[in-house]
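Please work from the sequences and hints to get the whole structure.
Going line by line, the protein sequences match chains A and H.
Under our numbering, residue 466 is the last one in the first sequence; the count climbs by one each step, no gaps.
Under our numbering, residue 466 is the last one in the second sequence; the count climbs by one each step, no gaps.
Treat the hints loosely; a few may be bogus.
What the hints assert, rightly or not - Computed list of lysine to aspartate or glutamate pairs in EDC-like fashion (alpha-carbon distance at most 20 Å, straight line):
(1) A:K220 to H:D287
(2) A:K167 to H:E216
(3) A:K220 to H:E198
(4) H:K167 to A:D235
(5) H:K422 to A:E198
(6) H:K220 to A:E198
(7) A:K133 to A:E170
(8) H:K422 to H:D287
(9) A:K260 to H:E171
(10) H:K260 to A:E171
(11) H:K260 to A:E170
(12) H:K422 to H:E216
(13) A:K422 to H:E198
(14) H:K220 to A:D235
If you are wondering where the hints come from, they were derived from the structure by calculation, not from laboratory data.
If you're wondering where the values come from, they're calculated on a predicted model, not measured in any experiment.
Listed here are the chains, written in short residue letters.
2 protein chains.
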Amino acid sequence: MVTLKDIARQAGVSVMTVSRVVNGQLSKVSKENIDKIQKIIEETHYVPNSSARSLSSRSSHIVALVISGESNQLSNPYNAILAGEVIERVQKQGYYVMVHFISHYEDITQRLRAWNAEGAIFFGTFDQDIQKIMFDNRIALVFTDSYTHVRQVTNVGLDDYKGGVLAAEHFIQSGHQTVAFMGTSLNQQQLSSVVNNRLDGYRDTLEKAGLALPDNYILDMSVSPLSPAQAVMALQPRPTAILVAADLQAVELIQDLKQNGLRVPEDLSVIGFDDLPLARMVTPRLTTIRQDLKQKAQVATELLFRHIQDPYAPAENIILDVELLQRDSTASPCPDQP
Amino acid sequence: MVTLKDIARQAGVSVMTVSRVVNGQLSKVSKENIDKIQKIIEETHYVPNSSARSLSSRSSHIVALVISGESNQLSNPYNAILAGEVIERVQKQGYYVMVHFISHYEDITQRLRAWNAEGAIFFGTFDQDIQKIMFDNRIALVFTDSYTHVRQVTNVGLDDYKGGVLAAEHFIQSGHQTVAFMGTSLNQQQLSSVVNNRLDGYRDTLEKAGLALPDNYILDMSVSPLSPAQAVMALQPRPTAILVAADLQAVELIQDLKQNGLRVPEDLSVIGFDDLPLARMVTPRLTTIRQDLKQKAQVATELLFRHIQDPYAPAENIILDVELLQRDSTASPCPDQP
DNA sequence: TTAAGCCGTGTTATCGTTATCATACCAATA
DNA sequence: TATTGGTATGATAACGATAACACGGCTTAA
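So this is what it looks like as structure tokens:
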């Protein structure tokens, strides 16, 4: 392995002179030395040792990507796409990305500190743990989709409430009278308030229009023993429209409905959430509440680097907009419906 | 930041004694010191500095995940799922994962050497560059889906040829007479021999059964100006079955066919390749050549750690099996077809 | 002429850890 | 008694880089 020392010896200068050239402090080195040293660097394929740099300069140029969830966190397209966008951007800034999968609160702070990560971006639910993490680390932290009351937390969220509102409005305008909601983890207090907010916007808007959303029309698939279609079909009267809090679940529901002989949108209109690429690929193409993952990644990365550069930059909670994308999984209710 | 020195001072011992405890060399330290030191470590939330460790011990416990491709490499579910599986397993071994996206041959060796990665797993096409990489690095390297003639390369591949065979057999048994193939990057010599092998198995089997696969029935969508459906419909006589070399493309084709008024499988039987989760979600559910990504990840990770532990472990080229998964996108040709 | 300042370069200490060797102590063996 | 050997510990020197300061030589202003 080639080190600064080797190059210094070859060039007949001190390591500091080489170090300056490597780090682009060219104004401090004579032209002839710059040329000589750069040539040797090229020839020897010298690569600076990041560990040594990190140790000495106390800046690692490492950003951690922390993804919570169970099993293969990247098999979820939402995580995967967002992760990819973030990695691309972080890399473009000359930083390195370390990926950490965690289930619940394994001591992620250990992992961040081991390599002196300069910052971290979090995917998934961390609400309960945000404060712990905040106190344990003094590095730049950016959360996504986290609801919290702690002021110092920087977060990039989504206007989930509005998403619910848009879905409700769409159903109301289409003339639906009996509607339902499907999601997961609805009862846990802190967890998944993303879904809760979508529900709130949905319910509030329905009620304003004089439509009720009874509790039993709010289906929590994380506790229901029934399959998605069964859960819907068990409702009397049967809803003609449903908002499902995630595209993946919506697709699953539609599959299941088909197998049970129900048609979408004729028998049931379905709105998803996220607009994953998948939404355009299924039949019928999924009407969904779209969020812009590229934008989310961009904002998160920008915030991260802002806080890396300036530890005293104020915490921000950015809420991104959503829009309804009407495709083929929603329609007016059939008049001859039972 | 708490260091070994701090703990040593508090415990009234030398740093080496603390180091031994931290590294589990408990037989070399007295019981009372072990207890005392462990207690202080807990209290102070000491975390060993990995950079310093790496520098001193010359082992970083870092594994690089190198993913080639354009733009967001993780938006491809194949990459994402495989990456997730690998990350999980690497992490379980106590190693850290650095992710590197590269397009073409950016100097990935720099990135690996900067942090002294102990090993690397590669996703994507690297055929041309494998040798370069091999020569530049002396660390454990595992490629996936790479065809190469270099003996020292460790690779986890797929029986792509058999995949083509299975698809052809399926079409032959179903009574198809006019069949086609769709893929990308078919002409490049080294690149994407994965697809070429699938094509070879397909063509060989068809020919053995007396069916021709004329060149113009081999559609390369990376050079065709037509949309997938258009490319198929331009063929006279129109094929009644087609093997598409990747699920994503197959789904795209089916979508496009629908919009052009053609039904799957009635007008055209379609077989995909990979069996992504997506394949079960679309309508019709996609018949496809299945590969086991978990297995692929497991084998790749095992090979990686074997070569990390033993630099002289022999290079291996493991070929994983495939199987045909019949779903709803294939059928016998309609008799009344034009 | 002298003080001040810049430029290019080198010297030294340090980052936090581990490798290696040395040492002190005690027990067991010849 | 002298030798050997194990056990627990410490001292010292790396690992590869950067930070901070020092220094000589030159120019410029007082």
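Structure versus earlier hints, numbers of those that do not hold, lowest first: 1 and 2
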